[in-house]
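With the sequences and hints as input, model every part of the structure.
As given, the protein sequences belong to chains C, P and G, one line each in that order. According to the numbering used here, the first sequence is numbered sequentially starting from 2. According to the numbering used here, the second sequence is numbered sequentially starting from 3. According to the numbering used here, the third sequence is numbered sequentially starting from 8.
Among chain P residues calculated to face chain C with C-beta under 7 Å, some are:
hint, residue
1, G63
2, H66
3, G68
4, N72
5, E157
Computed list of lysine-lysine pairs in DSS-like fashion (alpha-carbon distance at most 27 Å, straight line):
hint, chain 1, residue 1, chain 2, residue 2
6, P, K367, G, K160
7, P, K253, P, K299
8, P, K80, G, K160
9, P, K76, G, K160
I should point out that these hints are in silico values taken from the structure, not numbers from a laboratory. Even for Gly, the Cβ is constructed at its ideal location relative to N, Cα and C.
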Amino acid sequence: MGLEQKLGHMGVVTTTLEQMVNWGRTRAMWPMLFGLACCAIEMMGAQASSYDMSRFGMELMRASPRQSDLMIVAGRVSRKMAPILRRLYDQMPAPKWVVSMGDCASCGGVYNNYAIVQGVDEIVPVDVYVAGCPPRPEALIHGIMTLHEKVKAEKIKEWA
Amino acid sequence: MSLQQVEVTTEDLRHLVSNRAIEGETVLLNMGPQHPSTHGVLRLLLELDGEIVVNCIPDVGFLHTGIEKNIEAKQYEKAETLTDRLDYLNTMGNNLAYCLALEKLVDLDVPPRAQAIRVIFTELQRISSHLVWLGTHALDLAAMSVFLYCFREREQILDMMEMCSGQRMMTTYFRPGGLWREVPEEFEGAVRSFINDFPRRIEEYEGLLSKNPIFLDRTKKIGLLSIEDGIRWGVTGPSLRGSGLAYDLRKEEPYSGYEQYDFDVPTSNDGDVYARYWVRMEEMRQSLRIVRQALDKLPKGPVRSNNRKFVPPPRAELGTSMEAVIHHFKLWTEGFPAPKASVYVPVESPRGELGVFLEGDGGPKPYRCYWRTPSFLNLQVLPLLSKGHFVADLVAIIGSIDVVLGDVDR
Amino acid sequence: MGIARSAELKMNSALQSIVKDLENVFAAEVSEFRGQVSLLISPEKIVEAARAMRDKHGFDMLTALSAVDYWPQREPRFHVVYEFKNIKQRLRLEVRVPLNGDEPELNSITEVFPNANWHERELWDMFGLHIKNHPDLRRILMPEDWVGHPLRKDYPLGYEEVQFTFNFEEIDQRKPRPKD
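Written as structure tokens, this is what we have:
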């Protein structure tokens, strides 16, 4: 995307407002630290060397929900943790997205019993599901790329 | 799952905090389940006098998964996949503990090659667990580059696990009777290049941390644990060895061939956060020693027991032998029965003593499988260690005890 | 688990003298399986037995404390399992305490071994064994307002049913959905 080519000889770029806004949102999406269990270790691995998520704009992981856009639910959500998850989701300001990482967050995973919420979409609306137990860091990055594609196709009115 | 609600009022919990909190002199702060420095979902209720911790009440259970009840519903070999996910940094160690307990219960033999490879993988897993511990501990104390270096090394170990079993973390590579399958040819070369390369990496981490005045200031004389307190509260592992007692299950009650290998048990007499850090760094070096000896002495032979009553036959035999087909069918549909008895097998995990209490009832499913997890007991001692320290020191203490919440909550 | 006199079972001599002493003082039944010795002691005597083990015989660490539920059998319904360890002499000993009925009570051994605190809270939470003289008996792993004791055998696993085509709509209506 050579910006210089688009400038032409007048130094002016034309695009739609939607594209600008979505471009800004995808290029600097800050995830909130929500690593619960084993998937959190792979998420840390994706953030660290070898599979660096900072290349995609996610330089830091904010611990405070008020300062983040993306909640990556990494790990199994137990019934005791579920109300807290919902409260944190409500504390995030719009626009916000949720990536459900791993099998336990997507569908209950290996555990089909009294203590685990069978899929975090019982509690929060999920945008992208990443499968795996735990998913490789590359799978997580692919999930985030998919989310970027989804965000680029959004209209501004959705979050107005 | 229940629909009734039971009322829990603050009156019930009043006995936990001192009178000063109720009068309003001290502040009750909730260090909630979602916090950057609690390693997982741990909730701490802190009673603070200014910045000093008067009392600290841990509230666990946010990761309770009901694994013990799930294990009771599956057959013995199929339940092993659930055991990886308890202490998710020591996945092969959990598999080892379960397999040893099961082999003791049904009296199954393990060939020596399988025992040696189990030792290699357990020690590599110990190194990778200590690397994650070091990375997150240093990250909490604001040394961020150590975190990146540690994960770079960890990728090499995960590559070796993936080479043998196909999975990076939850491998279920150890099976009752030995291993799932033979290691590939590249395995030995990869392990040798790792153990030749790693000692200078440990020196790199020590160069960044051990003489660093900020690190020393934040870790010396913080969180003192005496040996008597440690034994009374059931603390095991590097946390107890950091106080001076050389108690390591690999030496006291050796399993899986550990008596053949020559290694030291590092201890330190200080009992503070720095001592526990030092013990774990030395343990990484000793683990390398064990891996080198095991790799040099690696015997040839089969990697899984031949006892067809418990171990399924290899697929190649299924075309030629009728007994193999019958054994295969019986084992994968119904499973093998275990006697109506119980065993308790302890193993040394990177956090302490990991014990499996397995009781059978004559059928193919475990009747009760209780996991004595080290982090559950090590966390109990946190209020004792943190009295009188600042909140910032509390972060260092939690890091030094090395809790993994999957272990605590099962 | 066969029940036999301690003199006939194979165990090392140090353990044998300890087991003989405990057997005589507390009227315990001894059993042994694959080299591991287990004593069956009745519930009233457990606190003194724990104290004797710690003070007289040097078993200074309680390594594990859990229970097994033998429902639908009621006499005994539960066996509470204590694992003790003598660090200096490298000995391990298991003690089982049988409990009858559906709401049994047991004395706490936190005054002898403080680390039994969280273990006994877990026994209350998971099995419903009421522990007397415990300083802080609350639920530890389940949420505080949970009803029921999950690890009992008559508590269901609580799993989600599979949605096949014939019951798809019926289960779909019961599935929880988030309020956006």
